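Letter by letter, the chains look like this.
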Amino acid sequence: MGDFLYELTDKLRGTALVDFSLAVSEWPFSQWVVSQFWAIPILQMVHIFAIAGSFAAVLMLNLRIFHLAGHASLAETAARYTKVLWWSLGFVILSGVLMLFGDTVRNLINSVFWIKMILVVLGIVTAIAFANNLGRQYRTTTGDTEIVGGGVKVTAIFLALLWCAIMFAGRWIAYAPA
Amino acid sequence: MYPEPTNLWERIEYSSLGITIAESTWMFPTIETLHVIALVTVIGTIAVVDLRLIGAHSRLHRVSLLAKDTLPLTWAAFALAAITGGLLFISKASSYMINPYFLWKLVLLALAGLNMMYLHMTTWRTVEHWETDPTFPFQAKLAGWLSLIFWVGVVFCGRMIGFTLGVFY
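Line by line, the protein sequences are chains A and B. Numbered per the numbering used here, the first sequence spans residues 21 to 198. Numbered per the numbering used here, the second sequence spans residues 5 to 173.
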């Protein structure tokens, strides 16, 4: 695995990404972020809190779908936590993009960073599909009967695992073989 | 070869477990990742209740039911965070113990715990009497704000440890 990641990073070094990331590093905003000692720790804090919001929303939806927690109906629970999920995701992306300016080269020329980006895109697409399925589910649910389809259950678990994988990749960017 | 330990923290750091974690190429980052996953779960689920206490979110929901939903997950994640945090500590105990951000993190964790304990021993005892009111008692709101502030502090110090470990002697 280490060799694969090393080779991938090596390939990235031969692409136009190097010139691009070096150019971005020279931008006034990048220089400002680098010169402010507190900028990166504060952005990281926002990133962590946004991840906490999105992951907690995914977990609470999972618990409700599998009847392990949740006092409200599935419709109410879904409405509440999908809103948290979208807002948190917005902050995850915003803080993530801003953090890139603090260390552009180390991130863009890093195999684990791109693995994380692929997982993030997959995560967003899955989250949209999951929210839509959940919406369709509770619109077709009548009265007290609450039937959650297998697809929604599988997507819920997949989404939680995907979030863990994204966090794993996020932490490993700092340890990636370069 | 490691030097002869001169204090308790070095004894912990130079234990076979401490050395195993420190010398492994994958153990520290893996434990650290699990620590982050556990921590974001603790913070996210606690925030659900805190935001309700301060009246910023889920106003239509009874706070006792929200707490009942989230608490098992919060405690399970907290246990994982404590275990993984302990393992991370063992691998660099003497560096952590002289790092002010680590010590502040412990203080803030203790304050967050005491704040929650105080709320549950006082205002929370009568929760069924006030949780349907449009506004919550001052003590409940204060506990929600304090909890959020303490956890923001915990995350801030946690991040700062990463930037300053090895800087202090």
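Source of the hints: derived by calculation from the structure; they are not laboratory data. Keep in mind that a hint or two might mislead.
DSSO-like, lysine-lysine: derived pairs with alpha carbons at most 30 Å apart [said to hold, decoys possible]:
| hint | chain 1 | residue 1 | chain 2 | residue 2 |
| --- | --- | --- | --- | --- |
| 1 | B | Lys145 | A | Lys31 |
| 2 | B | Lys72 | B | Lys145 |
| 3 | A | Lys103 | B | Lys145 |
| 4 | A | Lys103 | A | Lys173 |
| 5 | A | Lys173 | B | Lys145 |
If you're wondering where the values come from, they're calculated on a predicted model, not measured in any experiment.
These are the hints, each one checked on the structure:
1. Note on Lys145 (chain B) and Lys31 (chain A): the hinted pairing is violated, with a Cα-Cα distance of about 54 Å set against a maximum of 30 Å.
2. A threshold of 30 Å between alpha carbons decides the hint, and for Lys72 (chain B) with Lys145 (chain B) the separation of about 18 Å falls inside it, so the pair holds.
3. At most 30 Å may separate the alpha-carbon atoms for a hinted pair to count; Lys103 (chain A) and Lys145 (chain B) meet this at roughly 23 Å.
4. With a CA separation close to 19 Å, the supplied pair Lys103 (chain A) and Lys173 (chain A) stays within the 30 Å bound.
5. Between the alpha carbons of Lys173 (chain A) and Lys145 (chain B) the distance comes to roughly 36 Å, so the proposed pair goes past 30 Å and is violated.
The structure is inconsistent with the numbered hints 1 and 5, although it conforms to all the rest.
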